[in-house]
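As given, the protein sequences belong to chains A and B, one line each in that order. Just so you know, this note's numbering puts 85 at position 85 of the first sequence, and the rest follows in order with no gaps. Just so you know, this note's numbering puts 224 at position 224 of the second sequence, and the rest follows in order with no gaps.
Treat the hints with care, as some may be off.
Within a straight-line C-alpha distance of at most 25 Å, the following computed PhoX-like cross-link-like pairs (lysine-lysine) qualify [stated by the list, open to error]:
{"id": "1", "chain 1": "A", "residue 1": "263", "chain 2": "B", "residue 2": "251"}
{"id": "2", "chain 1": "B", "residue 1": "312", "chain 2": "A", "residue 2": "46"}
{"id": "3", "chain 1": "A", "residue 1": "282", "chain 2": "A", "residue 2": "185"}
{"id": "4", "chain 1": "B", "residue 1": "76", "chain 2": "A", "residue 2": "263"}
{"id": "5", "chain 1": "B", "residue 1": "312", "chain 2": "A", "residue 2": "76"}
{"id": "6", "chain 1": "B", "residue 1": "251", "chain 2": "A", "residue 2": "282"}
{"id": "7", "chain 1": "A", "residue 1": "312", "chain 2": "B", "residue 2": "214"}
{"id": "8", "chain 1": "A", "residue 1": "312", "chain 2": "B", "residue 2": "312"}
{"id": "9", "chain 1": "A", "residue 1": "312", "chain 2": "B", "residue 2": "118"}
{"id": "10", "chain 1": "B", "residue 1": "168", "chain 2": "A", "residue 2": "312"}
{"id": "11", "chain 1": "B", "residue 1": "251", "chain 2": "A", "residue 2": "252"}
These are calculated hints, taken from the structure and not from any lab test.
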Amino acid sequence: MKILILGAGAVGGYWGARLTQAGIDTTFLLREKRAAKVKAEGLVVKSPKGDAIVPVKVITKGGDGGPYDVVVLACKAYDLDSAMESIAPAIGPDSTIVPMLNGHAHFAALDKKFGAEKVAGGLARISGMLGPNGEILHSGANGVSFGERDGKPARASLVALDAACKKAGIEGGLNPNINQDLWDKWIMLGSIASMCSAMRGTVGDIAATEDGAAIMVEILEECRKVATAEGFPPSDKIVGAIRAGLTTPGSKAVASILGDMEKGGAVEGAQIVGDMLGRARKHGIAAPNLRFAYAHLQAYEARRARTGGATK
Amino acid sequence: MKILILGAGAIGGYVGGRLHQTGTDVTFLVRPARRQAIERDGLVIKSTKGDITQKVKTVLGAGEGGPYDIVMLTPKAYDLDSAIDAVAPAIGANTTVVPLLNGMRHIDVLSAKFGAGKIVGGLARVGVAMGPDGTIHHTSPFAAISFGERDGKSPRAALVAFDAAIRKSGVDGGLHANIVQDLWDKWIMLCSLASTCCLMRGTSGDILEAGEGKAIVLETVEECHKVATAAGYDPGARGMETVRSFLTREKSMFAASMLHDLENGAMVEADHIVGDMIARARKAGIATPNLRLAYAHLQVYLYRRSRGGIGKPAR
Numbered sequence: 001m002k003i004l005i006l007g008a009g010a011v012g013g014y015w016g017a018r019l020t021q022a023g024i025d026t027t028f029l030l031r032e033k034r035a036a037k038v039k040a041e042g043l044v045v046k047s048p049k050g051d052a053i054v055p056v057k058v059i060t061k062g063g064d065g066g067p068y069d070v071v072v073l074a075c076k077a078y079d080l081d082s083a084m085e086s087i088a089p090a091i092g093p094d095s096t097i098v099p100m101l102n103g104h105a106h107f108a109a110l111d112k113k114f115g116a117e118k119v120a121g122g123l124a125r126i127s128g129m130l131g132p133n134g135e136i137l138h139s140g141a142n143g144v145s146f147g148e149r150d151g152k153p154a155r156a157s158l159v160a161l162d163a164a165c166k167k168a169g170i171e172g173g174l175n176p177n178i179n180q181d182l183w184d185k186w187i188m189l190g191s192i193a194s195m196c197s198a199m200r201g202t203v204g205d206i207a208a209t210e211d212g213a214a215i216m217v218e219i220l221e222e223c224r225k226v227a228t229a230e231g232f233p234p235s236d237k238i239v240g241a242i243r244a245g246l247t248t249p250g251s252k253a254v255a256s257i258l259g260d261m262e263k264g265g266a267v268e269g270a271q272i273v274g275d276m277l278g279r280a281r282k283h284g285i286a287a288p289n290l291r292f293a294y295a296h297l298q299a300y301e302a303r304r305a306r307t308g309g310a311t312k
Numbered sequence: 001m002k003i004l005i006l007g008a009g010a011i012g013g014y015v016g017g018r019l020h021q022t023g024t025d026v027t028f029l030v031r032p033a034r035r036q037a038i039e040r041d042g043l044v045i046k047s048t049k050g051d052i053t054q055k056v057k058t059v060l061g062a063g064e065g066g067p068y069d070i071v072m073l074t075p076k077a078y079d080l081d082s083a084i085d086a087v088a089p090a091i092g093a094n095t096t097v098v099p100l101l102n103g104m105r106h107i108d109v110l111s112a113k114f115g116a117g118k119i120v121g122g123l124a125r126v127g128v129a130m131g132p133d134g135t136i137h138h139t140s141p142f143a144a145i146s147f148g149e150r151d152g153k154s155p156r157a158a159l160v161a162f163d164a165a166i167r168k169s170g171v172d173g174g175l176h177a178n179i180v181q182d183l184w185d186k187w188i189m190l191c192s193l194a195s196t197c198c199l200m201r202g203t204s205g206d207i208l209e210a211g212e213g214k215a216i217v218l219e220t221v222e223e224c225h226k227v228a229t230a231a232g233y234d235p236g237a238r239g240m241e242t243v244r245s246f247l248t249r250e251k252s253m254f255a256a257s258m259l260h261d262l263e264n265g266a267m268v269e270a271d272h273i274v275g276d277m278i279a280r281a282r283k284a285g286i287a288t289p290n291l292r293l294a295y296a297h298l299q300v301y302l303y304r305r306s307r308g309g310i311g312k313p314a315r
């Protein structure tokens, strides 16, 4: 089985490095600049599961070395359009695309461009970020989840990808109910990304204030209602675990979107928060906290456009 | 008439400097370093209304040089307690305290300490800042303070005399017949602006670019309006229209100074400007969902600041 991963950030880079280490045929499709660096230096991984410098296969044009059985999209949502252009030549009749983007908005675009049957569901639970030298700073969670969106038995390439993950020590893998998992992750992410960005602090900073934890619980409830209306009600156990995680005093947990904002970078506000709010409206669900968080993110984008990303 | 001014900072230094320049008996209560600088360099004002460097009277303790008829103070709200301690020795039986602070909570605090009868209402509208060398830079075309009896009755002799001194000094404003309304009017504007600029971390114009930005601003203004109305100080249709139109100007580069403080890791008057508005709303049974979010945002900032986390990655 041949795997192509678009992007060598925290998610794609970490996952692909571990697959490569396990002897799985993995190739990275990267932009020129990143490609040159990774070709020269390998992927530098710093991780509680073991540091490594991993020489990997790199291409800069999707047509090279293909077709691929599995094409993993590990880009940010705002880069989806260019990512789709890049992978198009790598997609053969039997290729399966596994997008690891947050939210749901990317499925419509991918289905339209490549055909729904080629697009599986996928999500990452890999926490980390890129360091200043492009090194992958992996900080804990080490899982992926993917599967058929129609809930039918998994196609051969996904079964093979599951086996590859197990061999590489990646947790999770094939999930028979990937749509539910996507929603479960989105309600968590929608809540933490909204609050950490709009309140500009960690979970612990928010929990330290008078109403911070209450507002966090309200916004999770808004997201839960949206997921339920969309046909994917999260279990009480999942909601309880998310609630506990997002209201823990002293927690250093923080959405990566805040780090992006504090550097004046691009954010996935429309995909993570805006789309959730849009669906709340569609179902007539009151979502005052998502509304304000999205306004915050839009004001951020407006200011970023005006100032070119200056942080003061 | 003798006036004591706490500090010789931006507002106090400017107003006191103009009073002194025009022959009013003004004394500045300052710290030793500031006294040394003023004795060496004079009190330096660079202003659109004319530069001046002059020798002024300073004291290191409020017990010196009194008794004073007027004690004027312009501290940041979070420094109010230390300001009260500093001026306390100057407050005699016939002293009138003129606080120039935004919001309302300080009036209760001052009244509890010195007696409500000694505390009048006051407001400053002076676009002024102090440079690192102590020079007072007055860059805007306006410089006004207003003050008056909080019960709306005829002003006491000290305020009449203070009014005459202010008029002579060239500072605009002076006695105000309904100073408490003026305080509420300014508080509504300031609380709405500070809440939305901080909550959205942008200028007034940036906020309007967000789909719901304008609606959120107008709701916030209305929350403040309701609180003022419940207190008996509705600014009226025209007053409210002024606030609304000011805060909803497309592309406006106007931002609350609190946002500037937030982005520079400085202390902010969160409790005084936003928290107290919420407390009054709660007492009156008024819902303030937007102010609640803004106050939470400010509290997150203050907590993160207290743990040394401002200007560093969140994690």
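Structure-based check of all given hints:
1. 263/A <-> 251/B: holds, 24 Å
2. 312/B <-> 46/A: holds, 21 Å
3. 282/A <-> 185/A: Holds, because 21 Å separates the two Cα atoms, which is no more than 25 Å.
4. 76/B <-> 263/A: violated, 31 Å
5. 312/B <-> 76/A: OK: residue 312/B and residue 76/A at ~24 Å, within 25 Å.
6. 251/B <-> 282/A: Judged against 25 Å, a Cα distance of about 30 Å means the pair is violated.
7. 312/A <-> 214/B: Answer holds: residue 312/A to residue 214/B is near 22 Å, not above 25 Å.
8. 312/A <-> 312/B: Holds, at roughly 14 Å.
9. 312/A <-> 118/B: violated, 42 Å
10. 168/B <-> 312/A: Measuring from Cα to Cα gives roughly 41 Å; hence the hint is violated.
11. 251/B <-> 252/A: violated, 37 Å
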